Every structure is written in structure tokens, then in C-alpha cells.
Amino acid sequence: MGEAGWGVNEYGATGRTAPGGVAPDTVDRDGRSDGPAGRGTGAGTRAVPRHVACVMDGNGRWAQRRSLPRTAGHRAAEATVIEIIETARSAGVEWLTLYAFSTENWNRPGAEVDYLMRLVRRVVRKHAPLLLARGIRCRFLGATDPRIPRELARDFDDLTTLTDGNRGMTLTVAFDHGGRRDIVEAARSLIRNGTPAGEVTEHLFAQHLPFPDTPDVDLAIRTSGEQRISNFMLWKVAYAEWTFPEVLWPDFRAPDFLACLRTYRCRDRRFGSLPTRTNGDPR
Amino acid sequence: MTTDTSRTDTERPDDEPPLFGPGSQFHAFFDDPRWALAIIRATVLEAAHPQIGAALADNSTFVAHPWRRLRNTLLSMRRMYSGDPAVREREAARLNRLHARMSGTDSRGRPYDAMDRATRAWVVATLFESAVTMCRLSGQPLEQDTMERMYAEYRAYLAALDGDAGELPRRLQDFWGYFDRVVEDELENTEAARIILYRLFDHLPAPALLDGAPTVWAAGRAVAGPLFGAITVASLPEAYRRRAGLPEMPGAQTVMRGAYLAAGLARFLPEGWLDAENLIELLTRSPAADDPAAGTMTALRGRMKRASALLRLITPPGGTPGPDPEPGSDHEGRRPAREFFRQVLDQTGDGHLDWPDLAAMARELSTRLDLEEPEETRLYDAFAAWWRELQEALDTDGDGRVSADEYAAAVPSLAGPALIRVAEVLFDAADADGNGTIDADEYRALFRTAFHRDLDTGDGTYGRSAFVGDFVSFMSARRTSTPYDPLFTDA
Chain Y
84 MGEAGWGVNE YGATGRTAPG GVAPDTVDRD GRSDGPAGRG TGAGTRAVPR
134 HVACVMDGNG RWAQRRSLPR TAGHRAAEAT VIEIIETARS AGVEWLTLYA
184 FSTENWNRPG AEVDYLMRLV RRVVRKHAPL LLARGIRCRF LGATDPRIPR
234 ELARDFDDLT TLTDGNRGMT LTVAFDHGGR RDIVEAARSL IRNGTPAGEV
284 TEHLFAQHLP FPDTPDVDLA IRTSGEQRIS NFMLWKVAYA EWTFPEVLWP
334 DFRAPDFLAC LRTYRCRDRR FGSLPTRTNG DPR
Chain A
-10 MTTDTSRTDT ERPDDEPPLF GPGSQFHAFF DDPRWALAII RATVLEAAHP
40 QIGAALADNS TFVAHPWRRL RNTLLSMRRM YSGDPAVRER EAARLNRLHA
90 RMSGTDSRGR PYDAMDRATR AWVVATLFES AVTMCRLSGQ PLEQDTMERM
140 YAEYRAYLAA LDGDAGELPR RLQDFWGYFD RVVEDELENT EAARIILYRL
190 FDHLPAPALL DGAPTVWAAG RAVAGPLFGA ITVASLPEAY RRRAGLPEMP
240 GAQTVMRGAY LAAGLARFLP EGWLDAENLI ELLTRSPAAD DPAAGTMTAL
290 RGRMKRASAL LRLITPPGGT PGPDPEPGSD HEGRRPAREF FRQVLDQTGD
340 GHLDWPDLAA MARELSTRLD LEEPEETRLY DAFAAWWREL QEALDTDGDG
390 RVSADEYAAA VPSLAGPALI RVAEVLFDAA DADGNGTIDA DEYRALFRTA
440 FHRDLDTGDG TYGRSAFVGD FVSFMSARRT STPYDPLFTD A
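Sequence lines, in order, name chains Y and A.
Here the first sequence stands for residues 84 to 366, numbered as in our numbering.
Here the second sequence stands for residues -10 to 480, numbered as in our numbering.
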């Protein structure tokens, strides 16, 4: 429901962000009234990033520094998650993606994985009414592995259904996500459809990725000072600006997030000096 | 068989209003909520007749697919009471063909035949008597001449089906003697009647609209199911209750009268508030249907789904993890063998796959496509050939039918030549204009939904090989499929 008008084509046609210049004020396509403050004004600064992605790193180290079990770090991450969602929403970010669990994370000790699953379930259930009330549309990227407990998968589905009609910020939780796997899936989908090789363009390819309506990542934040991509949304981060704050995820707070947004707005995005639009859309 | 309606009640003077059409008593009751109670009661009285009971137990899909059955019945009655004689004749011919395919022997070895004239007269008699009784029980008894006129209508209904109404007494005053005699002498405590009274209401599957809220449906059903059963029992003739040994529950008579009375009060509602046809369409329509009401429907369903999702999320999580999914399922949209058996193959809901199950599929398809001869026979023949193929492959214990265990154990590859033949015959039947493709209208007739093809074929039609491929993969590989699922699985 409501997917009409959110597609890639429509996105490509909004004609935003001339590189180096001042972005035209992005039209709130869904008529949201609480327009972002101070977006895209003033020479030398850019608009608030449309799509922000966070790699939530450093929970384990946070716990170790306090001589706590690693699980305590995950629990402490919950507060940050909620705070960042709220901050992003009020700052005018339209798409927020949180990297919660990668396909590689299954290799962690079984007890920690089990704990994470229970924790995520509790967080999802606890905050479902809040997310609904805030008008946040939630969805889960990945989340296909049969090792995900059935109750958790059910809660994911329920939260997706529940908030499907929301037109505020779209929150994508990358859970059991792998960037390469998404690309392989898109290739499979193209082959299944019998698309001739000559017709495959970047634009068409992007349409076969999961959630094709999601725009490219504008700003990616990886906490804890690590500077790796770690197989995260490989296609969509192609032109992302990255920031690597030193702070660990459980300590990452609203001011840190806003600082990242400021950094982004001061950067001169050149797209390799080629004014390419997002999602492989030809200019 | 004859469908000559010109012979119906020839003694009726010309200046009276026609027996059929919008002016009839039947039409006056159609949107009456009491009619729902009366129809249930009539169905129990029908099922209590040994011949009808056996036919129902063997052939009917009302346990597994009650809402579909109800919809088809209402549509059929609408057509039979249509003002247009051509529509009536067509429907009568269709009903006769449908019933001609139902015969066999009951569990005690007595033969039954759905074309038996006396039996068919009893069906019409129960409908008439239940309509009269519903008015009596709700405190608005019918006037004598209204009653006589209604009796004439029901006799005309029988005559439209059977050629004449000779099996029902000509005059109303003789009818009551006939009715009491059948109740006293012929009715039994049949299996089918017990199923309706005690099993159907307790296991009534959710209609399509409430499919997303199984807990809400189950909770409501747990209260309403036994109540409906008790109300129906209390409204049955005393003579039958005694004979069948039905329990007398204290207060049931009062509750029953209260229910009829309350339902009767609906006559004070503004005109147009209650419309049985809209209601049943609302309940049975599948989500993707694209006619005008579907927008409302989709919104309504969306809200239902969201409400039940919220309900599940805010209720405390269950501590015990549910059972693991059956090993037969994988992640490419296949469903477990047992689930497919229950939802698709076992149309009569008796736990076995038998000819009546496949006949019910053929019946549903020919109803949807509104088939006439010889297409209808071709479709039945194709299903019969498929049944023989299935029986040969799956009936390992040789009892002539296939149990869920036999089906699950074989984890069968069912795509034999006979199944492909079924798909081809169905394609030809659905392709009404014979141009070799199923276009949007033909698609809607079959699936009751709009045609949405993927990106790869852009011409908006459905070709023969694609149709056959999809049908066979749905039937043999148990693949879940948006259009095919509601075709056979809708309750």
C-alpha cells in the first residue's frame, strides 16, 4: 500500500542536488508539515542528507571497557537507537537505515546471537506503538535467514504492516543483511525475468535490489572509529559521504549525530566531479 | 431433463403480480437478517433427510468453504427469482446439471440421488416452512394470503427446477400435513445434521475479510458458535428434536426467540442499510479484486491487518517458542504438503481426498466461469481423469481414496499428463472468446481479481503456455500464488 509515487523513477525525477551548488529545497512529496529547519540555505552549506545510514559499531568494546559482558553493550545500544531515530526525524532526515546485524554476525558465539535475537524482539515490541505514533514507516532489510526465530520474524512482519501507512521518516533496519547478497539477489531476479544482457543498465539493476524505492545513502556514519564498509548496502553507498566518529555506539548521542549532519553539510559533494544522480540513474 | 417453465402453476390468473421478480415475497425477505437464522434452520432440516444428508456429507464443501458456498447459494437464489425468464432457465439448467452429478450410497449402503424428485421437494419445503417459522418466532406472523402467495412462489421455484411441483401438495392447508409427516417419518439424526449443528459453528473458518485476525475470529467464534447451535436447535420442530435426541438446553427457547425478535427489529432500520448481497460480497471478496467496492475493501482489510498486528505486538510475548515449521516447507513459496492438502485438495474437509473433492473444484470453476454444456462436461471429465491419475499414484492402501498421510508420504510429483489436460481444458473454458489468450475480463471472471502481469510481458493478456505452467506449478509444486490461492482456498 502506498508504494505508488515512491519508486526509483520518481526519485530520479525530483532533480535535486546539483553538485557544489545549493540544493533546491526538496519537495515534501507526502505533504509532511513539519518541514526540516534550515535545510539547504546559506552559501557553502548543503541540505540535510536525505538518507542517513548508521553502522552501529562498538557495543562490545563499550562493555569490555566497563568489564561487563558483551551483551550489556548491546543492551546499552537500545537507548542510542531510540535517541537517534528521534533526532534524525526531527532534523528532517527522510530515510534512516540502521545496520543492526550482518550476515557475518551469525558467526558470533551462539549465546550472544541468541541474546541479540531476544533483545531485538523486546525492543521491537516495546517501541512499536511509539514508532507508529511518530509516523515512522519501519521495514527490515534482509531478515530472510531461517535462523531468525519465527516469533521475531513475525514481529518484524507485524511492525512492517503496522507502520506501512506512515508517511514520516522511513526507518530501514538492516537485519541479517549483506550488501553482496543483495547484489546477487538482484542479478538472480534479472536472470529469472529473462532480461537480455544488453538491456541491463545501472538503473534497471537498481530496481531489482530490495526496497528499490530507497534512495542512495547520502551520509554514512560508522561509530567507534572503525573505517570499513563491512559489506553494508554496497550498491547504495556508492556516493555516500562517510564520517567515522570515535565515540562508541552506546555513547553516541543526539549532539554527536547532529555533528555528523553538520560535517556532511559542509562537505563539497562532487560525485567524482561527474554530476551523476543516484541509483545509477543516467544524467 | 426438462426445464420448461411455461408449465409452472398454469392455474394462476394473469392479473396477479408475477411469482418471480422484484415484487415477490422472496425478494421481501432477501435482505432480512432473520433470513440468515432461517436458512441455517432450513439447512439442518434438509440435512436431516437421509438422502440429502448423505449427499451433503459426501459432496458438500460447506465445512471447509462455508463462505464460498453461502455466496454461491445466494447468487443462485437471486438468479432463480430473477424477473428475466431466460436467467431463471439458465440457472435451473445449471442447478440440474450440478445435482445430476451427485449420486452414490450413504454410509449404510442406501443409495442417494440428488435428482430424486421427492427429495428436492423437501428442500423447497424446508425453505418455505423456515420462512414462515421465522416470521412466527419473531412475533410478526404472516397473513394467510401472504403465506399462500409465498407458497405459490416456492412451488414455482420447484417447478422451475423439476418441470412441475407435483411432489408438493397443491394447497397450503395440505402442506402442513405433508411437512409434519416427513418430519415424523423420514427425518433422522444424520451425520450431516450433526455436523452443521455441532461442528460447523465451532470450526467456522474466518471469511476472507477477517483472515488477518485469526485470534479475534476465534475468540468471537468461541462465544457465538455454541450460541448459534443452541438457537438453531431450539427453533427446530419439537418432533424432530425428540426423534434426533437433540439436547433441550434450559433457556435456549428464550434465547432463540430473543434472537429472532432482535433480528426482526432490523425492519426499523432505514432502507438500504442491510443488503445481504453486499454483506456476503464484503465477507468473501478476495483482497485484490478491482471492482468499485474493492477500494473500500482494501482499506478495510488494511486497517484490520494493522489492528491485529498492533494487538500481537502489544500483547506480552509467549514464553514457549512455537513448533518448528514442517520440514516439507522451504523458502521459495512452497507450503507444507499437509497444509496444501487441507487448504486446496480436501475441498469437503473430511480429511480424505476423493472424487467429490475434485468434483467440488470443477463445480467451483464452472460456477465462476458460468459454463454451459459441453464445456462443463469437458471440465468435469478432465478432473475425473486427473482423479484417476492421482488415485493410481497416491492411493497406496487401496481404499479408493487418498488420505493426508498418503499424500504427505509420497511428497508427490503430481504433474502428470492428466493434470496438464485439466489446465488446458480450463484455459479453453476461461478463454470465452476463443482468441487463444485470457484477457482482462476473462481473467477477472476466473480469479475475481484484476490481472497484474509482471514486467516481462507487457501486452496485458495471459497466454496458454503461461497459464498451463502456472496452474500446474500451483497444483503440483504447492507453490503459493496470489491469484490461484483464493480460487480454491478461500473459506
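Keep in mind the hints are simulated off the structure, nothing from the lab.
All values reported here derive from a predicted model rather than from experimental measurement.
Please note that a few of the clues may not be correct.
[Claimed, not checked] EDC-like cross-link-like pairs, simulated, lysine to aspartate or glutamate; straight-line CA separation at most 20 Å:
no., chain 1, residue 1, chain 2, residue 2
1, A, LYS294, Y, ASP197
2, Y, LYS209, Y, GLU166
3, A, LYS294, Y, GLU169
4, Y, LYS209, Y, ASP228
5, Y, LYS209, Y, GLU234
6, Y, LYS209, Y, ASP240
7, Y, LYS209, Y, ASP247
8, Y, LYS209, Y, GLU169
9, A, LYS294, Y, GLU166
[As the list claims (entries may be wrong)] One side of the interface only, derived from the structure: several residues of chain A facing chain Y at Cβ under 7 Å:
no., residue
10, PRO22
11, MET136
12, ARG138
13, ARG290
14, LYS294
15, LEU299
[To be verified] Computed footprint of chain A on chain Y; a stretch qualifies when at least three of its residues, placed anywhere within it, have a C-beta under 8 Å from a C-beta of chain A:
no., region
16, 190 to 197
17, 245 to 253
18, 294 to 303
By construction, the Cβ of each residue, glycine as well, lies at the ideal position given by its N, Cα and C atoms.
Hints, one by one, checked against the model:
1. For the hint pairing LYS294(A) with ASP197(Y), the CA-to-CA distance comes to about 29 Å; that exceeds 20 Å, so the pair is violated.
2. With a C-alpha separation of about 14 Å, the suggested pair LYS209(Y) and GLU166(Y) falls inside the 20 Å cut-off, and the hint holds.
3. Using a Cα cut-off of 20 Å, the hinted pair LYS294(A) and GLU169(Y) is violated, with the two alpha carbons roughly 26 Å apart.
4. With a CA separation close to 23 Å, the supplied pair LYS209(Y) and ASP228(Y) exceeds the 20 Å bound.
5. A hinted pair counts as satisfied when its Cα atoms are at most 20 Å apart, and LYS209(Y) with GLU234(Y) qualifies at roughly 15 Å.
6. For a cut-off of 20 Å, the pair hint linking LYS209(Y) to ASP240(Y) stands: about 15 Å separates their Cα positions.
7. Taken as a hint, the LYS209(Y) and ASP247(Y) pair is honoured in the structure, with Cα atoms around 18 Å apart against an allowance of 20 Å.
8. For the suggested pair LYS209(Y) and GLU169(Y), the alpha carbons sit about 15 Å apart, so the restraint of at most 20 Å is met.
9. Pair hint LYS294(A) plus GLU166(Y) does not hold up; C-alpha atoms about 29 Å apart against a cutoff of 20 Å.
10. Taking 7 Å as the C-beta cut-off, the interface hint given for PRO22(A) is violated, the closest approach to chain Y being about 33 Å.
11. Residue-level restraint check for MET136(A) is violated (minimum Cβ-Cβ distance to chain Y is 51 Å; threshold 7 Å).
12. For ARG138(A), the interface hint is violated, the least distance from its beta-carbon to any beta-carbon of chain Y being 50 Å, above 7 Å.
13. For ARG290(A), the interface hint is violated, the least distance from its beta-carbon to any beta-carbon of chain Y being 10 Å, above 7 Å.
14. This hint holds: LYS294(A) has a C-beta 5 Å from the nearest C-beta of chain Y, less than the 7 Å allowed.
15. The closest approach between the C-beta of LEU299(A) and any C-beta of chain Y is roughly 5 Å, which is under the 7 Å cut-off, so the hint is satisfied.
16. Closer than 8 Å: that is the beta-carbon criterion, and the region 190 to 197 of chain Y has 0 residues meeting it against chain A, so the requirement of 3 is violated.
17. Chain A is given as covering the region 245 to 253 of chain Y, and this holds because 3 residues of the stretch bring a CB closer than 8 Å to a CB of that chain, at least three being needed.
18. Three residues within the 8 Å Cβ limit are the bar, and the region 294 to 303 of chain Y against chain A gives 0, so the coverage statement is violated.
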